[in-house]
Amino acid sequence: MKIVYTDALIVGGGLAGLRSAIAAKDKGLDTIVLSMVPVKRSHSAAAQGGMQASLGNSVMGEGDNEDVHFTDTVKGSDWGCDQDVARMFVTTAPKAIRQLAAWGVPWNRIGKGPREVIMNGKKETIVEKDETHGLINARDFGGTKKWRTCYTSDATGHTMLYAVANEALRRNVIIHDKKEAISIIHENGICGGVIVRDLITGELIAYVAKGTMIATGGYGRIYKQSTNAIICKGIGVAIALETGIVTLGNMEAVQFHPTPIVPSGILLTEGCRGDGGILRDKDGYRFMPDYEPEKKELASRDVVSRRMIEHIRKGKGVKSPYGDHLWLDISILGREHIEKNLHDVQDISMTFNGIDPADEGQKGWMPVLPMQHYSMGGIRTKSNGESTTMKGLFCAGEASCWDLHGFNRLGGNSVSEAVVAGMIVGEYFADYCVETHLRTNTFTIERFLEAQMNYLKEILSYDGGKNIFDIKDRMRTIMQDKVGVFRNGKDLEDAVYELEDLLKMVKEVTVTDKSLGNNPELNEVYRVTKMLKLALCVAKGALERTESRGAHFREDYTKRDDMNWLNRTIATWVNPNDTMPTLSYEEIDISKMEIPPAFRGYGRKGAIVLNPLSDRREREIAKIKETLGAVDRFTIQEALMDFDLPKEYKRKNERVGVGYD
Amino acid sequence: MINQNDQELQNEEGFREIEITVFKYNPQNKESKPEYQTYKLVETPGMTLYIALIKIWSTMDHHLSFDFVCRAGICGSCSMVVNGKPRLACKTRTSEFENGKITLLPLPTFKHIKDLSVDTGNWMNAMSVKVESWIHAKEETDISVVEKPIEPDVAQAVFDLDRCIECGICLAACSTKIMHDDFVGAVGLNRTARFAIDPHDERSDEEFYELIGDDNGVFGCMSLMGCEDHCPKDLPLQTKIAYMRRKMVKV
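Line by line, the protein sequences are chains A and B.
Quick note: the first sequence, position 480, residue 479 per numbering that gives the first Met the number 0, numbers continuous.
Quick note: the second sequence, position 241, residue 240 per numbering that gives the first Met the number 0, numbers continuous.
Please note that the accuracy of each hint is not assured.
[Said to hold, decoys possible] Residues from chain B shown here face chain A by an in silico Cβ test under 10 angstroms; the list is partial: (1) I50; (2) R70; (3) G72; (4) S76; (5) N121; (6) E131; (7) T140; (8) V145; (9) I149; (10) E150; (11) D152; (12) A156; (13) C163; (14) E165; (15) R193; (16) G212.
Source of the hints: derived by calculation from the structure; they are not laboratory data.
Remember, predicted model here, so these are calculated numbers, not experimental data.
Glycine included, C-beta positions come from ideal geometry on N, C-alpha and C.
Take the sequences, apply the hints, and build the full model.
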């Protein structure tokens with residue numbers, strides 16, 4: 000029996016995991032990061048367009064601050080987010096980006112004087128002030144009031160991940176890659192570590208720690224078409240679910256990005272539209288202004304994706320062997336801009352489609368279609384990042400339902416969340432590890448190890464002749480066809496029924512290679528089983544939620560219903576032999592909100608059932624402001640919704656031209 | 000081996016059949032012997048080696064091991080030797096090969112795991128530590144105050160070198176690396192060049208010399224430039240190695 004002991008254990012080596020590891024190491028803790036792949040290959044590297052932080056340096060970001068970023072994030076979430084968490088996030092994001100700059104992320108910088116940009120399809124000139132010369136630049140992104148998305152060309156995630164990974168190496172964080180956590184060790188509701196499978200040798204190892212963090216990213220690969228890397232199977236989230244104790248939040252909240260390229264599904268960043276790119280239909284017509292006169296191509300992702308499908312349904316899609324698609328035109332930005340700021344987009348389009356997007360006219364248009372992109376749902380945590388139901392288990396980044404994004408995440412808020420959560424949750428996690436003693440006894444560890452060994456042997460003994468790859472394909476097709484951008488009761492019922500069937504069917508597979516060692520077919524069986532459980536949480540959650548909110552859209556319940564559904568879906572897997580998750584709901588309290596639910600400012604008008612509590616809270620807020628009189632924005636904010644944050648991160652952020660105001 | 004569905008597809012659509020030959024070996028298994036296995040499959044439009052290998056794995060050979068992550072040329076996982084040249088498999092289209100015959104070998108110079116899978120992570124981490132691939136600054140930055148201004152062109156120049164994805168192809172294409180296992184390679188030297196031009200980094204030339212001023216560093220390079228010829232990110236490795244060498248010679 001191989002057991003590795005450490006103070007702080009982090010499962011997942013992307014931005015959130017590595018940044019948390021730094022937080023733990025800085026408190027003197029022995030820290031191990033486990034990763035399925037070399038950490039610099041994590042999916043964080045694929046984030047292209049940028050990171051939101053309200054620096055307000057550029058003339059197009061003037062007047063930006065935490066309050067504006069907060070408002071955009073809350074509206075983007077369709078009021079599904081935890082407003083406390085959103086406040087913690089927006090207050091820390093400027094610090095995160097400045098720390099990353101000091102760690103060498105080569106953020107694009109502002110050059111003073113006039114600069115040509117494309118806005119609303121037309122060339123415009125903006126003039127950057129002298130005093131902002133050399134400060135961090137920002138581009139426009141969907142659903143934001145200001146230009147707030149800081150970037151390094153279209154390889155932002157890559158430069159961030161490398162900086163953070165190297166800082167972790169500098170601090171002697173121990174990295175064990177090619178390791179997959181397949182079960183969580185726990186006793187009396189306290190997490191003791193994880194059981195890990197070595198993906199080189201197949202050996203099982205127990206990693207035992209004072210505190211454990213899951214930072215394994217999203218579960219996009221349960222869909223047939225996804226922009227996600229092929230490792231984004233949600234295994235970390237699934238092993239939490241399998242404890243029967245840990246809860247998952249809002250699993251049905253799945254984001255579809257408007258512009259992955261067809262057919263490979265590789266992402267073309269929102270920066271394409273942020274920088275002025277437009278969407279066109281089969282006639283070359285720019286259709287988005289007809290649907291969204293104000294934000295046009297830059298409404299939030301859920302809205303743009305739906306408008307695109309709506310337009311295709313009107314017969315305006317471009318026919319192709321891979322189904323109908325629309326065009327993304329960035330040729331209007333000019334070759335120089337594309338080769339500098341959308342370099343990878345150009346590379347992807349040329350490599351995989353043979354299209355140079357800098358070519359003028361139709362020749363340069365890229366075929367795009369909305370596809371799965373981001374998992375808003377995940378392990379439900381408190382605002383300090385600890386599971387609401389299991390002590391000592393923390394979660395950060397896309398794997399979590401912390402809940403920064405509610406039912407729709409804004410572009411540019413994902414890598415931002417990953418790093419910021421790594422700082423905040425990492426800090427609370429480290430505090431927990433410092434204060435805790437190892438208490439898991441060897442007998443418990445052995446029991447969990449044995450259970451996994453027996454489970455793997457059981458898989459090898461299955462002999463029903465079915466093929467796990469067929470089951471996986473079927474799952475991904477069901478999710479694609481029935482739990483997609485537009486959802487309805489009948490399809491969702493079918494999906495739940497069929498997915499449950501598939502989960503039962505796993506026991507009828509035959510694994511051809513009977514080795515417990517390096518065996519990619521065996522990996523596939525336990526992974527697909529876990530993915531099916533997540534898929535069921537998504538489909539069942541979507542079926543039960545009879546409203547439309549953010550990315551979750553029901554054709555049979557088209558309104559956002561704040562009377563009945565201003566809540567979080569909570570999923571648990573009570574017994575190991577269950578074939579269906581158990582759902583419950585967590586209320587979201589309007590009376591504590593800083594911004595009570597209202598119209599988002601984009602999307603369909605009049606499609607909301609407002610709760611009268613919104614009005615009441617609105618009046619309450621007006622009264623508080625009136626009583627306070629002429630005070631600064633921080634005093635008002637504190638009076639409306641005070642929030643906790645580690646002291647270092649709660650400090651005010653300085654901005655050019657306005658100081659600390 | 001050929002798949003039944005493929006046979007039908009080939010007949011109906013008139014797509015050509017291609018042959019992919021893969022090096023198979025599992026060093027963990029004492030009974031395993033190195034061998035080649037050939038798979039025949041129908042080439043669908045736009046097929047990449049990623050699509051082809053996933054197809055082989057899911058329909059013909061469930062035992063086959065390889066490393067893909069992003070499948071978009073961004074993460075650097077899937078480097079392998081394709082008809083004699085080290086390349087990213089995900090960005091390699093099968094239609095490039097006129098005779099439809101493709102031979103795949105694992106990336107050399109890294110520890111072999113199984114079939115086409117190699118261990119790049121541990122080597123790259125060790126290299127990063129060896130060249131101290133992070134910013135060296137004497138003072139701690141106050142993250143609440145406005146950041147230090149950087150000339151836009153300088154930030155862009157740093158970014159251009161920061162684009163390296165540590166895929167290992169430069170090492171597989173390098174004769175020095177084959178002779179000196181500890182050679183940090185173009186990947187390591189490019190990292191130092193990147194920090195040398197970054198205004199955040201306060202290291203002197205002497206300090207860089209301590210890290211790369213020997214045969215395992217900048218003086219090990221024989222200027223054959225296999226690295227630059229094969230770099231999937233088109234990094235200017237030749238000029239950057241020369242830049243570091245000029246700096247180091249002066250120390």
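Structure versus earlier hints - violations, ascending order: The structure breaks only hint 16.
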